[in-house]
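Novice: Model the full structure from these sequences, guided by the hints.
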Amino acid sequence: MIVQVLANGMMLSLIYALVAIGLTMIYGVMHILNWAHGEFVMFGAMGAFYLMVVSKLNFALSLVVATIFVGLLGVITERIVFKPMRGLHLPSYIMSIGLVYVLQAMGSFMFGVQDKMIPTVMPGVVKIFGAILPKSRVMLMPIAAALTAAYYFFLQRTRYGRAIRATSMDEVGASLQGISIDRCAAIAMGSGSALAGAAGVLLASIVKINPFMGEALIFKAFIIVFVGGRMSLVGTIIAAFIVGYTESIVSVYWDPAWIPMIEMAVLAAILIFRPGGLVGIEVKKLGAARE
Amino acid sequence: MKGNELTMDKFKQVKTISILALIVFLFVLPGITSSPAVMYIMIWIFLYSLVCGTFRFVTMTGDWTFAHVGIMAVGAYTSMLLTMKLGWSVWPAMVTSSIIALAVGMVLYSLCLKTRAVTFFWVTWAFGEIIRQVFARFKHPFGGHIGISGIPGPTISIPGFIEIGFETQMSYYYLGLFLAVVIFLIMYLVERSRVGLTLKSIDVNWELSESLGVNVFGYRLLALAIGSFFVGIAGSFYAHWIHFLSPADFGIGFGILVLLYVVVGGHKTMWGPIIGVTIFIILSRLVLSRLEEYLMPVLGLILMLTLGLFREGLESVPRRIFPWIKATFTRTRKEA
Numbered sequence: 001m002i003v004q005v006l007a008n009g010m011m012l013s014l015i016y017a018l019v020a021i022g023l024t025m026i027y028g029v030m031h032i033l034n035w036a037h038g039e040f041v042m043f044g045a046m047g048a049f050y051l052m053v054v055s056k057l058n059f060a061l062s063l064v065v066a067t068i069f070v071g072l073l074g075v076i077t078e079r080i081v082f083k084p085m086r087g088l089h090l091p092s093y094i095m096s097i098g099l100v101y102v103l104q105a106m107g108s109f110m111f112g113v114q115d116k117m118i119p120t121v122m123p124g125v126v127k128i129f130g131a132i133l134p135k136s137r138v139m140l141m142p143i144a145a146a147l148t149a150a151y152y153f154f155l156q157r158t159r160y161g162r163a164i165r166a167t168s169m170d171e172v173g174a175s176l177q178g179i180s181i182d183r184c185a186a187i188a189m190g191s192g193s194a195l196a197g198a199a200g201v202l203l204a205s206i207v208k209i210n211p212f213m214g215e216a217l218i219f220k221a222f223i224i225v226f227v228g229g230r231m232s233l234v235g236t237i238i239a240a241f242i243v244g245y246t247e248s249i250v251s252v253y254w255d256p257a258w259i260p261m262i263e264m265a266v267l268a269a270i271l272i273f274r275p276g277g278l279v280g281i282e283v284k285k286l287g288a289a290r291e
Numbered sequence: 292m293k294g295n296e297l298t299m300d301k302f303k304q305v306k307t308i309s310i311l312a313l314i315v316f317l318f319v320l321p322g323i324t325s326s327p328a329v330m331y332i333m334i335w336i337f338l339y340s341l342v343c344g345t346f347r348f349v350t351m352t353g354d355w356t357f358a359h360v361g362i363m364a365v366g367a368y369t370s371m372l373l374t375m376k377l378g379w380s381v382w383p384a385m386v387t388s389s390i391i392a393l394a395v396g397m398v399l400y401s402l403c404l405k406t407r408a409v410t411f412f413w414v415t416w417a418f419g420e421i422i423r424q425v426f427a428r429f430k431h432p433f434g435g436h437i438g439i440s441g442i443p444g445p446t447i448s449i450p451g452f453i454e455i456g457f458e459t460q461m462s463y464y465y466l467g468l469f470l471a472v473v474i475f476l477i478m479y480l481v482e483r484s485r486v487g488l489t490l491k492s493i494d495v496n497w498e499l500s501e502s503l504g505v506n507v508f509g510y511r512l513l514a515l516a517i518g519s520f521f522v523g524i525a526g527s528f529y530a531h532w533i534h535f536l537s538p539a540d541f542g543i544g545f546g547i548l549v550l551l552y553v554v555v556g557g558h559k560t561m562w563g564p565i566i567g568v569t570i571f572i573i574l575s576r577l578v579l580s581r582l583e584e585y586l587m588p589v590l591g592l593i594l595m596l597t598l599g600l601f602r603e604g605l606e607s608v609p610r611r612i613f614p615w616i617k618a619t620f621t622r623t624r625k626e627a
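Chain order of the listed sequences is A and B. Counting in our numbering, the first sequence runs from 1 upward without gaps. Counting in our numbering, the second sequence runs from 292 upward without gaps.
By construction, these hints were calculated from the structure, which means they are not laboratory data. Glycine is no exception: its CB is placed at the ideal position from the N, C-alpha and C atoms. Incorrect hints may appear among the rest.
Cβ-to-Cβ under 7 Å is the rule here; a few derived chain B residues that face chain A [claimed, not checked]: (1) Thr-406; (2) Trp-413; (3) Ala-417; (4) Phe-418; (5) Glu-420; (6) Gln-424; (7) Gly-438; (8) Leu-551; (9) Val-554; (10) Pro-588; (11) Leu-598.
Between beta-carbon pairs, the in silico distance windows are [claimed, not checked]: (12) Leu-176/A to Ser-401/B: 37 to 43 Å; (13) Glu-215/A to Leu-600/B: 25 to 31 Å; (14) Lys-491/B to Thr-158/A: 42 to 48 Å; (15) Gly-435/B to Val-113/A: 25 to 31 Å; (16) Ala-145/A to Gly-435/B: 39 to 45 Å; (17) Ser-440/B to Tyr-160/A: 53 to 59 Å; (18) Gln-114/A to Glu-498/B: 52 to 58 Å; (19) Asn-496/B to Gln-4/A: 52 to 58 Å; (20) Lys-83/A to Ile-447/B: 43 to 49 Å; (21) Val-3/A to Arg-576/B: 53 to 59 Å; (22) Gly-87/A to Leu-488/B: 22 to 28 Å.
Partial chain B-side listing against chain A, Cβ under 8 Å, derived [to be verified]: (23) Val-398; (24) Leu-402; (25) Cys-403; (26) Thr-410; (27) Ile-421; (28) Arg-428; (29) Ile-547; (30) Val-555; (31) Leu-590; (32) Gly-591; (33) Leu-592; (34) Met-595; (35) Arg-602.
Specialist: Structure, rendered in structure tokens:
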């Protein structure tokens, strides 16, 4: 039982981490809380369904293709929707809410509103310390962990990763060093959305897919981003583990109906006593549209 | 310069007259058409204007609260409890519930006021959600997830003289109109006074205000308290008009809608929320009656287009268009 709870918590946490890391990076570079991030997860899942069921590709290939597809979608969105609004934070928030409705409608017109499933990727179960776990769930953990690690490596070691981190620390300073803020925003948005798409593909193998699956995720992701501290990768991962394990433990040993309340209480407490989140810095001003 | 002042005076006169004309028109509207559908939409517009207008009032200090809808739920539920469980009449319950909403708001916001900006937004989001979850969790007094129905409507009765029961939509129309006019008038007067200017100065630069001796914490709390009190009244009105309350009505969706109307309408003046609410409610009712499944994407597209074109909201449309028209007309006059 305990092993099962731990394994489930681990799986949830890793998937939450994948979704929330992208959101944190987009927030860090563009100062936009992208409400439509959950819809990118949905597009990833839908892409997996089409690649695996209609085009009969295997799981690994469709993971790669769907991730790239959603990443490109993210870049296009950044160029069309967010680039004209750069620096206007409040209208951009509201724009991204409008984008949620539009993308959900696109999803339902393109894919239909009924629930869909993809075929089980790895049939069978494994036994770990007496707990029985489906192989398809266990398989997700190394993939999600590897993606997170790869993104961490990308941010820490590559040129563009450094540029993104510099931009999120100080925009003016970064552009004085010859970093193109526009390109950085596109890369951050593209890579963040790609991670969301990958999370969608992974989710598709364990839950039902429908055009509205992003809604439940996006609020969890917001909680994680703010508990962890914005613009901090490590904080986000820690927060993802806190939320994931809270969820798996509470839903087994107590009533799942209490989960939202507990998460909200944790969020409120952390923001009151540590306004910058567990790891991170506080942003001073919600820059409304004022020049 | 003198001519400029004259036109400014004229502009103000035109504005005052048109506002008075609008209020008079709204008072006689039930005489022109008293169809329940029109009344129903108009009451929704009054209610949403109240919620969004008070929200806009709070944002004058730069505190974009997300617990506003939660405070409204406190007002609504308190009013429900007082009338249904304690058997109070509606009017004292309305006043008491808005005072309770004020008290809850004060306690909650004084915890949050350490934070600012985005952080404030999300702390208040968490608190609003906690309030809603409390209403959803406890079945006994609040009715739980399913909600509670049969909330009595108000009556006006002076024994032996007059007896008015609120049975038609028209009576609620007048109640809503009365509340909206009174509350907007109070907010207008506060905004124009010294207090209002102080509140705005906090938004522009709170550190500078503090260094000039402004009690920033106190003024922010004051704005939030006024907002909570009025939105408590709005919540109570909602409860007695709809006769049904459920926690789902005060969810994140409603909060987002309020935020959306205010930003699309514009938050610089108190007309912005009214414009946003009127346009979006009429639009959504018109679209909804024809093609329901396209409602959300169409609204989303309109929203994105409006914000892309007019970043300060719809209230800035005349400000942007008038100079253009004026330039065009003066040119034609010169040519002629």
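Novice: Give a verdict on every hint.
Specialist: Verification of the supplied hints:
{"no.": "1", "hint": "Thr-406", "result": "holds (5 Å)"}
{"no.": "2", "hint": "Trp-413", "result": "holds (5 Å)"}
{"no.": "3", "hint": "Ala-417", "result": "holds (4 Å)"}
{"no.": "4", "hint": "Phe-418", "result": "holds (6 Å)"}
{"no.": "5", "hint": "Glu-420", "result": "holds (5 Å)"}
{"no.": "6", "hint": "Gln-424", "result": "holds (4 Å)"}
{"no.": "7", "hint": "Gly-438", "result": "violated (16 Å)"}
{"no.": "8", "hint": "Leu-551", "result": "holds (6 Å)"}
{"no.": "9", "hint": "Val-554", "result": "holds (5 Å)"}
{"no.": "10", "hint": "Pro-588", "result": "holds (3 Å)"}
{"no.": "11", "hint": "Leu-598", "result": "holds (5 Å)"}
{"no.": "12", "hint": "Leu-176/A to Ser-401/B: 37 to 43 Å", "result": "holds (42 Å)"}
{"no.": "13", "hint": "Glu-215/A to Leu-600/B: 25 to 31 Å", "result": "holds (28 Å)"}
{"no.": "14", "hint": "Lys-491/B to Thr-158/A: 42 to 48 Å", "result": "holds (46 Å)"}
{"no.": "15", "hint": "Gly-435/B to Val-113/A: 25 to 31 Å", "result": "holds (29 Å)"}
{"no.": "16", "hint": "Ala-145/A to Gly-435/B: 39 to 45 Å", "result": "holds (40 Å)"}
{"no.": "17", "hint": "Ser-440/B to Tyr-160/A: 53 to 59 Å", "result": "holds (58 Å)"}
{"no.": "18", "hint": "Gln-114/A to Glu-498/B: 52 to 58 Å", "result": "holds (55 Å)"}
{"no.": "19", "hint": "Asn-496/B to Gln-4/A: 52 to 58 Å", "result": "holds (55 Å)"}
{"no.": "20", "hint": "Lys-83/A to Ile-447/B: 43 to 49 Å", "result": "violated (57 Å)"}
{"no.": "21", "hint": "Val-3/A to Arg-576/B: 53 to 59 Å", "result": "holds (55 Å)"}
{"no.": "22", "hint": "Gly-87/A to Leu-488/B: 22 to 28 Å", "result": "holds (27 Å)"}
{"no.": "23", "hint": "Val-398", "result": "violated (13 Å)"}
{"no.": "24", "hint": "Leu-402", "result": "holds (6 Å)"}
{"no.": "25", "hint": "Cys-403", "result": "holds (7 Å)"}
{"no.": "26", "hint": "Thr-410", "result": "holds (5 Å)"}
{"no.": "27", "hint": "Ile-421", "result": "holds (5 Å)"}
{"no.": "28", "hint": "Arg-428", "result": "holds (7 Å)"}
{"no.": "29", "hint": "Ile-547", "result": "holds (6 Å)"}
{"no.": "30", "hint": "Val-555", "result": "holds (7 Å)"}
{"no.": "31", "hint": "Leu-590", "result": "holds (6 Å)"}
{"no.": "32", "hint": "Gly-591", "result": "holds (3 Å)"}
{"no.": "33", "hint": "Leu-592", "result": "holds (6 Å)"}
{"no.": "34", "hint": "Met-595", "result": "holds (4 Å)"}
{"no.": "35", "hint": "Arg-602", "result": "holds (5 Å)"}
Of the numbered hints given earlier, the model fails hints 7, 20 and 23; all others are met.
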